[in-house]
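Trainee: Next come the chains, spelled out residue by residue.
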Amino acid sequence: MTPHLHLWLIPLLPLAGAAINGFFGRRFSRQAVSTVALLFSGAAFAMALWVAGQFSSLTLPYIETLAPWMRAGSFQVDFAFYFDQLSLVMLMVVTGVGFLIHIYSVGYMWTEGGFYRFFTYLNLFMFFMLTLILASNYLLMFIGWEGVGLASYLLIGFFFLKDSAAAAGKKAFIVNRVGDFGFLIALFLLIKHFGSLNYADLAGSISPLHIETSAGLLTAIGILLMVGAAGKSAQIPLYVWLPDAMEGPTPVSALIHAATMVTAGVYMVSRSHVIFERAPIAMTVVAIIGTLTAFFAATIGITQTDIKKVLAYSTVSQLGYMFIGCGVGAFSAGIFHLMTHAFFKGLLFLAAGSVIHAVGGEQDMRKMGGLRTKIPWTFWTMTAGTFAIAGIPPLAGFFSKDEILWQASRVSMIYWAVGILTAFLTSFYMFRQWFMTFFGEYRGEQHGHGSHSHGSPGHDSHDNHGHGGVHESPAVMLAPLVILAILSVVGGWVGIGNRFENFLAPVFHSTATISADSFDAPSMSAEPKNEEAGKSTELLFTEISVGVGVLGFLLAWQLYYRRPELPAEIALKLNGLYHTVLHKYYVDEIYAAIIVKPLIAISTVVFWKGIDRGMIDATLDGSAEGAREVSDTMRHMQSGNIRSYAGWVAAGAACIIVFMTWMAVGTR
Amino acid sequence: MSVGLFILVSLVKIALVFFILLTAVAYTVWLERKVVGHMQNRWGPTRVGPFGLLQPAADGVKFLFKEDLTPPHVHKTLYIAAPMIAVMFALTSIAVIPFGNWVAIGDTIYTPLQITDVNIGLLVILGVTSLGVYGIALSGWSSNNKYSLLGGLRASAQMISYEISLGLSLVGVLILSGSFSLREIVQAQSGHFWGFIPKWNIFYGGQFVAFFVYLMAAYAETNRIPFDLPEAETELVAGYHTEYSAMKFAMFFMAEYANMVTVGCLATLLFLGGWSGPIFGPYILQVLLPVFWFVAKVFVFMFIYIWVRGTLPRFRYDQLMAFGWKFLLPVAIANVVITALIVALRS
Amino acid sequence: MHLILFLIFGAVCVAGAVNLLLQHHPIDSALSLVVVMGALAAEYLLLGAEFVAAVQVIVYAGAIMVLFVFVIMLLNAGEEARSGGSRIAWVIGVPGMLLGSILMAWVLLKHSGTGQVEVGSLPGSPQDIGWLLFHDFLLPFEVTSILVLIAIMGAVVLASHAQSAEKKEG
Amino acid sequence: MVPLSYYLILSGILFACGVTGFLIKRNIITIFMSIELMLNGVNLSFVAFAAQWHALSGQIFVFFVMVVAAAEAAVGLAIIIAVYRTRETLNVDQVNLLKL
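Protein chains in written order, with the working numbering: chain A, 1 to 668; chain B, 1 to 347; chain C, 1 to 170; chain D, 1 to 100.
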């Protein structure tokens, strides 16, 4: 018998927090606000832990139906929660990392305006994210999906006084709409053809279907879902919003734009594995998009000088990795990387935040350096993160990335090759950042750091920490760093010996029976012979990926530690390429040119001036004007003379009689 | 009975009834003058004939031969029509009044002593009397004289006010007898309590109250003392018929007394058991005795009229209205309710 | 016989109604209306609705119209003033009314002879009426009683401090 | 034997007369009487139908109409008196303060 775990509490606790802070936070002290926020997010985390404790005694998937939501004929959607291994992983990641980041935020945001607002949004985000991962059907998931989009918009534009922040928020929101469009169409297709949105029903109705070797319904659905995922998880071509999203406060970047929200796409794809497994073409699309994004973003990351931008692009490329994993059918590998990435990327962002905090709002790495001794805690934790992401064993990143690459290699060497290249780039730019930030001598001016950050209400408030100069962050910020550092170190060990895969196996292989033989996607239940043969090659690949990691380290060391003047020369040498990359391949400009500008033009000329002004407003104004005119003439009927009224009445009666007679004659 | 015969009999009855009625009217006047005279310790008319018995005839002749003058500035048609209306309705209402049993003359004629027996006779009477108001109102208005106008106003107001009480006072009787037909109402009153008290409505089911109310209302309806404000000589010269003279005046006069008679008949029929009374002797007596009893009762009623006139002073107008609305009407309503309750409980 | 009586009283009705329109003095109009009502009562009798006829006479002719006459006398209403009234009433109202009534007549004649009404064809006796009124139509009856009560109070309030008694009569 | 339509036409004529009176008369009281005339016309049709369909309820309606007419007369005449007190006229054309 399975205990009744009140899953609904998990999302609702943060919501309660959000409500309390949102409604009354204005009058609360900062202590009270942070207490409330931490209390509820922590409660959610505790609840998640308790659920995890109950895990062994559950029969999965465990579905908890709260109330019917909408019924239309046979189509029915409930407020129901769905819990299985995948949900558990996501749950732990979201609540855990979320809670840590909440703690961190208390320290980081302490001096900011709109303290309560920040935590309201943060809790709200938690609510929606948890709804997303606990939903038992795509519609409820979509609610969470949109909700996190909203929260992200609010938080990116948190410093709404800064135009760039507001613009970035809008950009994120609009770009996401594009993805949601695809997602919605996919949902409509599902409703149309399978009459349901529940995971369980869909699995039941889809698994009997055959693999679509040629493009078909499932392929279409899959690709559309991928579009949605690309929007949310910042994949080509919709990744452009994520770098700009760095306008938001750093904890937000850590929580939403690194650890949790952006991984929602990955989660959604893996959740839809039933569909993808039967749509190889869609799978290929996913894989290719992932590969391209990974590499592309990595290259951009090399040239960025803004500490957060670097991390942003690395996030994009890491997400690319996850999609490679999904694309090659190694969903568990993707989720695995998702988890580890949540640890070390969250860590990196928080550390970066700590650095920024330390240098008083400065984000340009060129103005940093030599911070190693000044902020040791931050340094060491960041180091752990960097090594983790660079895929240096035995840190978390190594296991997950290696797993993905290995699985990819079994599908196509191209994925593997690009992946390896990307790994190299990743380790290079990460170490580049590491060196630029912590080694060498401090390049920023000692005092008055704030002069060049007055523009941002978000950061210049860091000046009014009592003591000038570089300083370590308070313990409340360091504690999460340390915890996350530990996780980034040990987080990967759960993957040793496929433990993590086996743990997720029941989720992903409950329905993949047909796919196992007819589709060459590597299945966790891989044939034993393949396993034997694979071992050696896997080892080789592992060595290679470690090698590229080290290589990247060395190169970065060479360029940014030994001879810091060298990069400039190189940049000069391949000028065009450098600038292209520096300007992110002008993607934003291209989009602006081919999409945004025409769109604005059309909207202005056709929709706004033409339709809205010319037709809609015109009709309304015209009718109003006409009504006024008519009544102006009509009111002279109001002679105040009873008999004229009587005359009108008689005329009206006559009309009615005529009408009725006419009707009677007509009917006969 | 053939139609021709029926018409003949009807005509005979009409002629008879009207003759009796007019005579009655004439001699009521005589009686009034006599009685009031004696009450006031005078003789009353004595010159014309024995006990002045021919006085009414003399008066009639005088009215006929007086000059009939029409004052200027009157609304001609209405001025002339008003008295006719008044007298017409006053006389019409007698048509449905039964004053005796059915009689058989020979074996061909078998007819009620009543011009016509309609099953809503009571309503007819009420309707006709209510129309009688027009005569007075119009006369008051048409003769273009402030006294007349005031008289007419008073008269119409008073009559429509008291009409309600009058009607309601009859409802009790209707409930008891369960019919609008006067004849049936009378038959419902035949019989005796304990063998000697006649089973008249006045003794029956608290209808004494109804009778009282009816009496008051009737006086008001007929503009008699103590409610004769429309023709209050001391204030309004002669009220609505100030401008009338000769035959037109006589018509109003006749109308008033005819109304009195009608009201008396109605009271007799409704409360005093109509023509019921001890009947004996040969057939001719059995036919005539009821008529005698009926006439006797009406006479008593008339006498009360005169007696009251000789006794009571005149009300003030506001007193009149207050009495009508604040006393008579509630009492009448209460009577109706109580009677209805009694009947409902008994059945 | 029935037809003849109908025609006679009908003619009286129409004559009265037309006279109401032609007369310039309200009291003449009022009297012609009384005539109309009397004739209508006769029509009701022809239709066998004797009770309705009686009530028509008592209530309409005997009470309401008396009230009218009374008010006319009270306000001493004179001849109708020849004020150039409202053109609309003439321009729109009268033609409309005419059109409407013509259409009605046309329809009625089209359907004429659908039914014959003979004298006393239905029991309009007080008993039946009373039964209907106090059983089937009890609620409407009570409601109308309340309506009348309200009307009385309204009249008293409106015409307070003058002739309230007569208003109550309505 | 009279066709029903005759009665209806008679009532129609009465009603039309009432409407006309309402339209062309200037004296409030006369107008009011025109209304009563209309009501009477309607009553006639009620009774005629009652006789036609042997349904007594038609006559009941007549009673209700009468009651309403009575109430209306009471209030209406009271209003007329009030108007006369304030405006010193019974001519509706002069009682026209209700205009812009």
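Hints were generated in silico from the structure; no laboratory data involved. A hint or two may mislead.
What the hints assert, rightly or not - Here are some of the chain B residues that sit facing chain C, going by a computed Cβ distance under 10 angstroms:
#1 Gly49
#2 Leu53
#3 Asn119
#4 Tyr134
#5 Gly140
#6 Trp141
#7 Asn145
#8 Ser156
What the hints assert, rightly or not - Beyond 10 angstroms from chain A on every Cβ pair, some chain D residues (computed):
#9 Pro3
#10 Ile9
#11 Phe22
#12 Ile24
#13 Arg26
#14 Val42
#15 Trp53
#16 His54
#17 Ser57
#18 Phe61
#19 Ala71
#20 Ala82
#21 Thr86
#22 Arg87
#23 Thr89
Stated by the list, open to error - Here are the computed distance ranges between Cβ atoms for each label pair:
#24 Pro140/C to Thr234/B: 46 to 52 angstroms
#25 Asp136/C to Ile338/B: 36 to 42 angstroms
#26 Val148/C to Tyr27/B: 52 to 58 angstroms
#27 Ala627/A to Pro140/C: 51 to 57 angstroms
#28 Met153/C to Thr234/B: 34 to 40 angstroms
#29 Gly277/B to Gly130/C: 30 to 36 angstroms
#30 Ala322/B to Gly130/C: 49 to 55 angstroms
#31 Gly277/B to Asp136/C: 22 to 28 angstroms
#32 Pro140/C to Phe292/B: 22 to 28 angstroms
#33 Val143/C to Ala340/B: 16 to 22 angstroms
#34 Pro50/B to Phe134/C: 18 to 24 angstroms
#35 Asp136/C to Ala627/A: 44 to 50 angstroms
#36 Ala15/B to Phe134/C: 50 to 56 angstroms
#37 Val143/C to Thr116/B: 35 to 41 angstroms
These numbers come from a predicted model, not from an experiment. Backbone N, C-alpha and C define an ideal beta-carbon position, used for all residues, glycine too.
Trainee: For every hint, state whether the structure bears it out.
Mentor: Here's how the hints hold up against the structure:
Here the hint on glycine 49/B is broken, as its CB sits about 41 angstroms from the closest CB of chain C, past 10 angstroms. Evaluation of the leucine 53/B hint against chain C yields a violated restraint, the C-beta minimum of about 38 angstroms exceeding 10 angstroms. Because the closest C-beta pair between asparagine 119/B and chain C is about 7 angstroms apart, less than 10 angstroms, the hint holds. Given the 10 angstroms rule on beta carbons, the hint for tyrosine 134/B holds: about 7 angstroms separates it from the nearest Cβ of chain C.
Here the hint on glycine 140/B is kept, as its CB sits about 7 angstroms from the closest CB of chain C, short of 10 angstroms. The closest approach between the C-beta of tryptophan 141/B and any C-beta of chain C is roughly 5 angstroms, which is under the 10 angstroms cut-off, so the hint is satisfied. The criterion of a C-beta within 10 angstroms of any C-beta in chain C is not met by asparagine 145/B, whose closest approach is roughly 12 angstroms, and the hint is violated. Here the hint on serine 156/B is kept, as its CB sits about 5 angstroms from the closest CB of chain C, short of 10 angstroms.
A cut-off of 10 angstroms between C-beta atoms confirms that proline 3/D is not in contact with chain A; the least separation is 19 angstroms. With a minimum CB-CB distance of about 15 angstroms to chain A, isoleucine 9/D clears the 10 angstroms threshold, and the non-interface call stands. Listed as outside the interface, phenylalanine 22/D is inconsistent with that label: its C-beta sits roughly 5 angstroms from the nearest C-beta of chain A, within the 10 angstroms cut-off. Consistency note on isoleucine 24/D: stated as away from chain A, yet its beta-carbon is not over 10 angstroms from all of that chain's, at 8 angstroms minimum.
With a closest Cβ-Cβ approach of about 8 angstroms to chain A, arginine 26/D is found to fall inside the 10 angstroms limit, against its non-interface label. Every Cβ of chain A is farther than 10 angstroms from the Cβ of valine 42/D; the closest lies at roughly 13 angstroms, confirming the non-interface assignment. Every Cβ of chain A is farther than 10 angstroms from the Cβ of tryptophan 53/D; the closest lies at roughly 20 angstroms, confirming the non-interface assignment. Every Cβ of chain A is farther than 10 angstroms from the Cβ of histidine 54/D; the closest lies at roughly 25 angstroms, confirming the non-interface assignment.
Against chain A, the non-interface label of serine 57/D holds: every CB pair exceeds 10 angstroms, the least being about 23 angstroms. Chain A leaves phenylalanine 61/D outside its interface by the beta-carbon criterion, the shortest separation being 20 angstroms against a cut-off of 10 angstroms. Against the 10 angstroms criterion, alanine 71/D stays outside the reach of chain A, whose nearest CB is about 20 angstroms from its own CB. Chain A leaves alanine 82/D outside its interface by the beta-carbon criterion, the shortest separation being 15 angstroms against a cut-off of 10 angstroms.
Taking the minimum C-beta to C-beta distance to chain A, about 15 angstroms, the non-interface status of threonine 86/D holds against the 10 angstroms cut. The beta carbon of arginine 87/D is kept farther than 10 angstroms from every beta carbon of chain A, the shortest such distance being approximately 13 angstroms. With a least beta-carbon separation of about 13 angstroms from chain A, threonine 89/D lies farther than 10 angstroms from that chain, consistent with its non-interface assignment. For the hinted restraint 46 to 52 angstroms between proline 140/C and threonine 234/B, the CB-CB distance of approximately 50 angstroms keeps it satisfied.
Range check, aspartate 136/C to isoleucine 338/B: Cβ separation about 27 angstroms, and the 36 to 42 angstroms hint is violated. Distance hint check for valine 148/C and tyrosine 27/B: the Cβ-Cβ separation is about 44 angstroms, which falls outside the suggested range of 52 to 58 angstroms. Under the hint 51 to 57 angstroms, the C-beta atoms of alanine 627/A and proline 140/C, about 41 angstroms apart, miss the expected range. Take methionine 153/C and threonine 234/B: their Cβ atoms lie about 36 angstroms apart, and the range 34 to 40 angstroms holds.
Between glycine 277/B and glycine 130/C the CB atoms are about 32 angstroms apart, so this pair conforms to the stated range of 30 to 36 angstroms. The hinted range of 49 to 55 angstroms is not satisfied by alanine 322/B and glycine 130/C, whose Cβ atoms lie roughly 33 angstroms apart. At about 43 angstroms, the beta-carbon gap between glycine 277/B and aspartate 136/C misses the expected band of 22 to 28 angstroms. About 49 angstroms separates the C-beta atoms of proline 140/C and phenylalanine 292/B, a value inconsistent with the hinted range of 22 to 28 angstroms.
Between valine 143/C and alanine 340/B the beta carbon distance is about 21 angstroms. The supplied range of 16 to 22 angstroms therefore holds. The hinted window of 18 to 24 angstroms between proline 50/B and phenylalanine 134/C is violated, with their beta carbons roughly 58 angstroms apart. A C-beta distance of roughly 48 angstroms is found between aspartate 136/C and alanine 627/A, which places it inside the suggested range of 44 to 50 angstroms. For alanine 15/B and phenylalanine 134/C, the hinted distance range of 50 to 56 angstroms is not satisfied, since their beta carbons lie about 43 angstroms from each other.
For valine 143/C and threonine 116/B, the hinted distance range of 35 to 41 angstroms is satisfied, since their beta carbons lie about 38 angstroms from each other.
When the structure is compared with the earlier hints, violations turn up for hints 1, 2, 7, 11, 12, 13, 25, 26, 27, 30, 31, 32, 34, 36 and for no others.
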